[in-house]
Amino acid sequence: MTQQQQQQPVRRWQIFCRVVDNFGDIGVCWRLAQQLAREHGQQVQLWVDDLHSFVALQPQLNPQLASQWLTPTRTGGQASDQPAHCPAVQVLQWQQPFRWLDAEPQASVVIEAFGCQLPAEVISQMQQAGSELLWLNLEYLSAEPWVVDFHAAPSPLQGLTRYFFMPGFAAGTGGLLYEPQLAALPAQMASPLAFADWLESLQLPPQTARQLAQIDCRVSLFGYENPALPELLDSWQATTLPVLLLVPQSKISSGVEQWLGQALPVGESQQRGALTLLALPFMSQLDYDRLLAASSINLVRGEESFVRSQILGKPTLWHIYPQQQLAHLDKLEAFLNLYQQGMPAELARALKTASLRWNGDPEQPTTTSKCWDQLLFWLPEWQKHAEDWKKHCLAHGDLATNLVKFRPNEYSCAAFSHRNDWPCAW
Amino acid sequence: MSIVAPLFRTVTIGPVPGKLIMKNAQEFRSGQVMNLNGQPWVVLKAEFNKSGRNSAVMKFKLKNLLTGASQEPVYKADDKLEPVTLERSEVTYSYYSEPTYVFMDPDYNQVEIDAENLGDTLKFIVDGMTDVCEAVFYDGRPISIELPTTIVRTVSYTEPAVRGDTSGKVMKLATLENGTEISVSAFIEIGDAIEIDTRTGEFKGRAKA
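These protein sequences, in sequence, are chains H and L. Letter 339 of the first sequence, counting from 1, is numbered 339 in the working numbering, and no numbers are missing. Letter 201 of the second sequence, counting from 1, is numbered 627 in the working numbering, and no numbers are missing.
Treat the hints as calculated values from the structure; they're not laboratory data. Each residue gets a CB set at the ideal place from its N, CA and C atoms; glycine is no exception. It is possible that some hints are incorrect.
[Unchecked claim] Examples of chain H residues lying across from chain L (beta carbon under 8 angstroms, computed):
1. Tyr140
2. Ser155
3. Glu231
4. Thr276
5. Phe282
6. Ser284
7. Gln324
[Said to hold, decoys possible] Subject to a maximum C-alpha distance of 16 angstroms in a straight line, what follows is the list of computed EDC-like cross-link-like pairs (lysine to aspartate or glutamate):
8. L:Lys485 to H:Glu333
9. L:Lys634 to L:Glu621
10. L:Lys485 to H:Asp149
11. H:Lys352 to H:Glu333
12. L:Lys485 to L:Glu453
13. L:Lys487 to H:Asp149
14. L:Lys595 to L:Glu628
15. L:Lys471 to H:Glu104
16. L:Lys598 to L:Glu615
Using the sequences and the accompanying hints, generate a full structural model.
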């Protein structure tokens with residue numbers, strides 16, 4: 001057993017997840033479920049409404065089975081990180097109407113991921129459970145200042161008290177979802193040889209893999225369609241620094257092919273000026289971690305990828321989920337305001353312009369070539385800054401550990417003792 | 427706290443049984459009341475923030491209308507909460523009989539409310555005041571008195587006016603007839619009638635004659 005497992009009592013967790021955005025929701029929930037089981041020895045049920053999205057991340061899963069047990073996979077860190085007695089996670093299909101299937105209805109902790117609205121049957125079960133049960137709403141990640149004030153706040157509802165658990169980058173939030181050993185992965189992927197071996201494991205011909213691994217500046221690109229893609233590729237094509245663009249299959253792949261003017265099958269590469277493009281297969285979470293760890297810059301889409309790239313200490317550009325009234329741009333700027341503290345001013349300006357342009361800010365200049373020239377010029381400083389930022393993120397503890405340790409009464413009283421109006425009786 | 431005479435209106439509290447009408451959390455505004463686990467909580471402040479994927483979260487500052495306790499819960503903007511409809515009636519202040527303040531409605535029914543439930547309103551209650559107030563009832567019981575947004579009170583003491591300053595930006599303390607201290611413009615003198623915003627408790631200006 002790990003030291004953490006020995007310290008915490010074993011509780012039964014139910015995590016409820018609705019798949020809204022392909023892999024984002026289930027990516028977070030599966031990662032969390034595994035971490036609770038593997039690192040904290042907790043009993044975990046993961047209820048998912050769409051097993052077909054899940055199977056893309058976890059090929060072991062049988063989407064035809066409404067109930068099954070999955071062994072948590074190893075993380076991208078050291079090979080010895082899997083405890084000998086790691087409990088399996090029970091994966092259950094969240095059906096309409098809701099059925100408990102063969103699951104044990106009683107839980108110690110119920111997590112409503114991203115406000116997914118629990119079924120009435122689950123609420124009813126919770127109402128019978130009494131005060132020992134902990135009900136948490138795991139919210140979306142945000143760097144906005146209000147998150148600290150909302151974290152751990154109670155939410156009396158239907159005779160129960162739910163608590164909001166807010167992931168975040170600052171002290172006083174729930175922290176970020178990562179395994180402590182993840183930060184060590186870049187060292188394992190640093191050498192061209194290790195990178196080439198990994199490309200080979202994805203069925204690339206050895207010679208192609210070794211040739212491409214010689215390009216120092218590697219950029220990973222995963223995301224949805226993005227109108228700003230052509231000008232980005234134009235910019236890299238014209239730069240003097242050779243860039244290897246690694247494109248695992250995603251919705252943005254068709255945009256890459258459009259820009260090339262031809263198909264780019266998985267495993268094949270094309271060169272345009274200084275830019276070499278390599279199409280990779282859709283990959284498991286473990287392989288995606290390796291991709292992020294091996295890259296110099298990561299262009300990521302979901303919150304989970306965004307966090308992992310930062311914990312890996314990598315320069316990152318976030319394609320944030322677009323929201324009505326451009327609310328996502330406020331969130332992006334809130335992150336940049338935090339992230340860019342201590343960064344050279346020119347680098348900060350270039351990164352902000354590139355980020356806002358990549359996310360469709362209509363007020364940004366129509367071309368990104370100048371800011372990307374600057375970003376590549378400043379890449380060593382950006383990498384150093386990303387390493388420092390990683391340390392900042394690690395300082396607040398990982399989200400799964402923070403969840404296991406979370407005791408609402410203790411938290412409320414300790415965290416808000418300076419506030420006269422905060423009732424410590426909760 | 428009690429009512430010594432029948433109310434002049436029928437008091438209706440909350441939804442009709444069997445027809446529970448719920449509101450989204452984001453529809454609640456300051457001054458509105460929600461039923462949380464069987465207790466009425468008035469919204470003192472509502473903070474709205476956008477979360478991820480076009481969802482939103484709300485944080486409320488609430489005060490329990492029965493106990494005076496406060497809490498700051500958080501909700502998803504689309505959480506369903508039960509609104510409480512409160513009955514209100516116009517009243518004017520009559521007299522104080524420790525520990526109760528007595529108000530009168532237009533039909534001369536007395537409404538009694540304990541001093542501890544008057545909150546900040548207490549600071550502006552003076553003998554002889556003629557302001558038309560609103561008594562707020564929950565479950566047939568008066569739970570608070572709301573003053574008009576603007577009231578006029580007389581300054582019983584303040585330091586002499588500062589000559590030459592008519593801008594109103596320089597402030598000083600003034601004492602009202604009931605002993606309440608309030609920050610006023612430096613040109614205000616003893617005996618002046620001043621306007622006060624009861625939502626903030628702040629001085630608005632010299633009252634027009």
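So, going through the hints one by one against the coordinates:
1. Tyr140: 3 angstroms, holds
2. Ser155: Holds - the Cβ of H:Ser155 comes within 8 angstroms of chain L, reaching about 5 angstroms at its closest.
3. Glu231: Check failed: Cβ of H:Glu231 comes no nearer than 27 angstroms to chain L, outside 8 angstroms.
4. Thr276: 34 angstroms, violated
5. Phe282: At about 22 angstroms, which exceeds the 8 angstroms cut-off, the nearest Cβ of chain L leaves the hint on H:Phe282 violated.
6. Ser284: The hint is violated - H:Ser284 has no Cβ within 8 angstroms of chain L, the shortest such distance being about 24 angstroms.
7. Gln324: 5 angstroms, holds
8. L:Lys485 to H:Glu333: 22 angstroms, violated
9. L:Lys634 to L:Glu621: Holds, at roughly 9 angstroms.
10. L:Lys485 to H:Asp149: 9 angstroms, holds
11. H:Lys352 to H:Glu333: Holds, at about 8 angstroms.
12. L:Lys485 to L:Glu453: 12 angstroms, holds
13. L:Lys487 to H:Asp149: 12 angstroms, holds
14. L:Lys595 to L:Glu628: 13 angstroms, holds
15. L:Lys471 to H:Glu104: 41 angstroms, violated
16. L:Lys598 to L:Glu615: 11 angstroms, holds
In terms of the numbered hints stated before, the structure departs from hints 3, 4, 5, 6, 8, 15, listed from lowest to highest.
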